[in-house]
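Trainee: Here are the chains, one letter per residue:
Number of protein chains: 2
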Amino acid sequence: MEIERKYLISELPSNLEDYPVRSIQQGYLNRDPVIRIRREDSNFILTYKSSGLMIREEVNLPLNAQSYESLREKIDGKLITKKRYLIPYKQYTIELDVFSGELAPLILAEVEFPTAEEAENFTPPSWFGEDVTFDGRYHNSYLSK
Amino acid sequence: MEIERKYLISELPSNLEDYPVRSIQQGYLNRDPVIRIRREDSNFILTYKSSGLMIREEVNLPLNAQSYESLREKIDGKLITKKRYLIPYKQYTIELDVFSGELAPLILAEVEFPTAEEAENFTPPSWFGEDVTFDGRYHNSYLSK
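Protein sequence lines correspond, in order, to chains W and G.
The working numbering applies: residue 349 is where the first sequence begins, and numbers increase by one.
The working numbering applies: residue 349 is where the second sequence begins, and numbers increase by one.
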C-alpha cells in the first residue's frame, strides 16, 4: 500500500545540493492500473499501481537494462526525466522531483506515510506550495501524456 | 515462488470433458523477465516471472478489460490461445493445455509443487509423454515467437 501526499513547489531549498539525488527516467505502458517502467541511476524497475489518488497498492519488480530498453519502445506518450532529491523532514523523507525536458520547470514534492491518519494530519514545511494530492493532473502518468 | 514440471502429451484422457476447463488467451510484453498478459475466461491478469526453468518467482496482478486490450497491442510475437483443463492427480492438479491456432496440435501438461523436493520425486501418470521441464522451447514465452 502506498499512502502519499503531493505538493507543487515554486521555490527550491537553497541547500539542495547537500541532499542525495537520483536521475530518473520513466514511462507508462498503461495508466489504469499504472504499469510503469523506470530507470533510477543504474537500476531498472517495473511498477504496478492500482487505481486511486492518495492510497494505492504498489508492487515493484526488477528489470534488466535490455528489458527496460525494449519496453521503453512500448510506452504511451512521453518519457519523463527528472532529478529526485531526498530531503529528511521530521520522521519523513521528502521526495523532491525537479523535472527536465518538456515538463520543466515543474517541481513536485511527495511525502509517503505509514498510515492514512498520518497523511491527513501532515503539516508541510513552509516552502511547500499548493497541495495537489487529489488533483490527478499531477500524477506522473498524467504528466506523461 | 513457482515450482513446476512440464510434459508433452500425445494422447488426451478420454474423459476430458468431465474436468473444469478455462479459455486462455495470452501474450508477452517481455520474455526475460517474463511480463505476460492473460485473459482467462473473463479475468484479466498481468504476470511477472523471473528467469529460470523449474523454479521461478511469480507475481500476478489484476488488469481490467480495457487495459488488457490496450496492452495486447504491444505484445512481442503471437497471441497464444489454448484451453486449460484442471485434472486432479494425487495431491496435485494437472494443468492440461490444449493449444489452438498456429500451435495446434500441441498439448502440454504442467504440475505445480510446493517444494523442489516434491517436484524432483514426482512420478507422472502413464499417459504423460516426454518430460520437457528443462527444455526452454516449451515455455509459452518461447512458443509465442
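Hints listed in this document are in silico derivations from the structure and should not be mistaken for laboratory results.
Computed from a prediction, not measured in an experiment: that's the story for all the values here.
Please note: incorrect hints may appear among the correct ones.
List time: in silico BS3-like cross-link candidates among lysine-lysine, alpha-carbon distance up to 25 Å [to be verified]:
# : chain 1 : residue 1 : chain 2 : residue 2
1 : G       : Lys397    : G       : Lys493
2 : W       : Lys493    : W       : Lys438
3 : G       : Lys493    : W       : Lys397
4 : G       : Lys438    : W       : Lys422
5 : G       : Lys422    : G       : Lys438
6 : W       : Lys422    : G       : Lys431
7 : W       : Lys422    : G       : Lys426
8 : W       : Lys493    : W       : Lys397
Stretches of chain G that chain W covers, calculated by requiring three or more beta carbons in the stretch to come under 8 Å of a beta carbon on chain W [to be verified]:
#  : segment
9  : 372 to 384
10 : 448 to 462
Even for Gly, the Cβ is constructed at its ideal location relative to N, Cα and C.
Trainee: Now, for every hint given, state plainly whether the structure supports it.
Mentor: Results for each hint:
1. G:Lys397 <-> G:Lys493: Between Lys397 of chain G and Lys493 of chain G the Cα gap is close to 17 Å, so the pair holds against 25 Å.
2. W:Lys493 <-> W:Lys438: Measuring from Cα to Cα gives roughly 34 Å; hence the hint is violated.
3. G:Lys493 <-> W:Lys397: Answer violated: Lys493 of chain G to Lys397 of chain W is near 29 Å, above 25 Å.
4. G:Lys438 <-> W:Lys422: violated, 44 Å
5. G:Lys422 <-> G:Lys438: violated, 40 Å
6. W:Lys422 <-> G:Lys431: Distance ~29 Å between Lys422 of chain W and Lys431 of chain G Cα, so the pair is violated.
7. W:Lys422 <-> G:Lys426: holds, 16 Å
8. W:Lys493 <-> W:Lys397: holds, 17 Å
9. 372 to 384: Holds, because 5 residues of the segment 372 to 384 of chain G bring their Cβ atoms closer than 8 Å to Cβ atoms of chain W.
10. 448 to 462: violated (count 0)
The structure fails to meet hints 2, 3, 4, 5, 6 and 10 from the earlier list, while all remaining hints are met.
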